[in-house]
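Peer 1: Protein sequence lines, in the order shown, are assigned to chains V and S.
Residue numbers for the first sequence, in this note's numbering: 13 to 309.
Residue numbers for the second sequence, in this note's numbering: 243 to 602.
Possibly wrong hints are sitting among the right ones.
Unchecked claim - Label-pair restraints from in silico Cβ distances:
id: 1; chain 1: S; residue 1: F263; chain 2: V; residue 2: Q113; range: 21 to 31 Å
id: 2; chain 1: S; residue 1: D253; chain 2: V; residue 2: V227; range: 19 to 29 Å
id: 3; chain 1: S; residue 1: Y255; chain 2: V; residue 2: R141; range: 40 to 50 Å
id: 4; chain 1: V; residue 1: Q113; chain 2: S; residue 2: P290; range: 46 to 56 Å
id: 5; chain 1: V; residue 1: E108; chain 2: S; residue 2: N286; range: 38 to 48 Å
id: 6; chain 1: S; residue 1: R505; chain 2: V; residue 2: D266; range: 29 to 39 Å
id: 7; chain 1: S; residue 1: L289; chain 2: V; residue 2: K279; range: 18 to 28 Å
Hints in this document: simulated from the structure, not taken from any laboratory.
For each residue, glycine too, the CB sits at the ideal point set by N, CA and C.
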Amino acid sequence: MPGTGSAPEVHDNLVLEPRDVRFDWSRLPLHWIPDEPFATHTINVLHLLLPEGERWFVRVFKEALPLITDEQLREEVLGFIGQEAIHAQAHEEVLEHLLAQGLDPRPYVRQLEWLFQRVLGERPGLSARARRENVIERVAFVAAIEHFTAFLGNWALNSPGLDRAQADPTMLDLLRWHGAEEVEHRSVAYDLMVHLDPGYLRRIRGMVVSGPLLVRLWVRGVRFLLAADPTLRGRVRPSWRAARAAALRGMLPDPVQSLRSGLRYLKPGYHPTQEGSSAQALSYLATSPAARAAVTR
Amino acid sequence: MDRTNPQAPPDLYGRPQADPFMRRLTAFGDRYTPALGSRGLRRNPRLPAPRALPALVLVVTGHRPVAEDVVELRLADPSGGVLPGWQPGAHLRLTLPSGRERHYSLCGDPADRTSYRIAVRRLADGGGGSREIHDELHLGVRLTVRRPRNGFPFCGEQRLLLLAGGIGVTPLLPIAREAQRRGLDWHLVYAGRTLATMPFVEELRALAPERVTLLVGRIPSGAELLESARPGSAVYCCGPAPMLAAVQRALDESPAGTLHFERFAAAPITDGKPFTVQLGADGPTLDVPADRSALDVLREARPDLPYSCHQGFCGTCRLHVLSGTPEHRDRRLTSEERADGALLPCVSRAAEGDRLVLDI
Ligand code: FES
Ligand SMILES: [Fe+2]
Ligand SMILES: [Fe+2]
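The shape of chain V in the complex, shown without the other chains (with noise of 0.2 Å):
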């Protein structure tokens, strides 16, 4: 990756816009990071959990668009939108590639359509005010969650541990070229959720409502794969030891700089601009095997 150490690190006023990007998964192995199981399937977790959670982003921030009045926000949130979907895409299509390889991803990932359809879904029959109320609410939600998706795509672009660990090159660019999007588009659900509604306290209530939620769903997750991985048989169990020792190799972040940094989006004075650094992210898109693809398409 290119040296970007005199960058500011935040860039004003960026136009965002999603990249048209394609993988080649034909021949990813099911352990892509060789004789790591526990950490492959923990990062794996994201290919289950992203492609229907994206999906829900995208319906919810195109249900706040009526709602925008500044010109400036709504066409970052169109960005963003767009950039969501293209996410969702490409972590679906690594779950179709784990079935065809005999890990059925699907008990889990019908679980989520669940939650994101029908618990955190659009509600029928709600007054007006109620409607509005429930979309800035689940805008908080994203927001909080951008929060998170911000934290692990600045770790999956300085994660020179799974280059040592010669994890499979697609699958990294896959998780870095996500990451830099994310690290791109970080301040654009907070941005939203504050244009909407200003108040700390709807903040604190996205992040504690959701925080938790995706800390739970992600512990359930790896114990899922592990249990449904077919060359496994339910050897490999996961614990938070495991997690540290893997995060102390590079192999994951760190559980307990994940809650620290959970934490800070709690303060007064928090601003997504505060984490990572727009300009790693953006040379990394200019140089995402995958993104550098698209364009010549």
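Knowing the structure of chain V, use the given hints to seat chain S with the ligands on it.
Peer 2: What follows is chain S with the ligands alone, placed relative to chain V:
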């Protein structure tokens, strides 16, 4: 999904029961959602309403030729106020007195907060925007300008190769200046028809003459443009579309691994024919001319229609066709989705004179 089915989905491990965690989440959601809007769970009505930043109204304070067919324009706040800041690579959107809208890269110094500088080449075959700027934007004319936005951000890589084609030099000028200021290893290759048509040559040479190479009088190949690239070089390219395409094609053969360029959302429409769209079975009918997309036309009637990529790959603008035969031009929808009536109006069209009735 069946919304009326009260059953949470089954357990993850094949046990014949609804998953208890999912059941709890469902129960939580069923209480939480209707409670929103009640006291304590709603937007505090005393907080200020969503605000919109207004566009700028600026006055032309400078208008001078800087090369053959190129004028430099300076725009400032009419009362001399400080302008919103910007970073290298940013552009302005001007609304000209005729109502035309045009984007131009900022080519001045970001440290100068009292005026914006742009440079405009007169295009004989353009839509008349550049001619209007050349001939009618005299000193003192006021115009509406959107705040600076950046579609070509500079990331400050240590080793830089800047490739400029003609008027494409404008965003690269502040980038070169910034690179020089930070002491980065930069090189600029500037191609143009004749020296007289190339603005800002002296200004660039004044930064560091040994870092500027001019290629005058011929169209350089991609390989030639990338000749001075070294391992790890980050390339920033701005110029006519064929130049960018040539650089993209030659990049894999060069030691440079990074290519930045300004992205323009909508590709021009090729062999489109005029057709009509109807908004709903008994809604109004709108004409889509040969050179505009259905999405553009629809957005005039429905400003809240979502869209994103303008290129038929993200699926955001998806609509449902009630009747009519679309001519699909996207690369997103599957044949089942198309058979099902899905349409991406940012690119897809219909045969000449046909009508598409859309479910909006
Ligand atoms: S806007 Fe992306 S497909 Fe139409
Ligand atoms: Fe995403
Ligand atoms: Fe995101």
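Peer 1: Can you let me know if the beta-carbon spacing of V/E108 and S/N286 is within 38 to 48 Å?
Peer 2: About 46 Å separates the Cβ atoms of V/E108 and S/N286, which means 38 to 48 Å holds.
Peer 1: Do S/R505 and V/D266 keep their Cβ atoms within the hinted range of 29 to 39 Å?
Peer 2: holds (35 Å)
Peer 1: Taking the Cβ atom of S/L289 and the Cβ atom of V/K279, is their distance within the range 18 to 28 Å?
Peer 2: holds (20 Å)
Peer 1: A range of 21 to 31 Å was offered for this pair. Does it hold for the Cβ distance of S/F263 and V/Q113?
Peer 2: holds (27 Å)
Peer 1: Check the following: the C-beta atoms of V/Q113 and S/P290 are separated by a distance inside 46 to 56 Å.
Peer 2: Holds, at about 54 Å.
Peer 1: Should the hint that S/Y255 and V/R141 are 40 to 50 Å apart at their CB atoms be regarded as holding?
Peer 2: holds (42 Å)
Peer 1: Do S/D253 and V/V227 keep their Cβ atoms within the hinted range of 19 to 29 Å?
Peer 2: Given a distance of about 20 Å, which is inside 19 to 29 Å, the answer is holds.
Of the numbered hints listed earlier, not one is contradicted by the structure.
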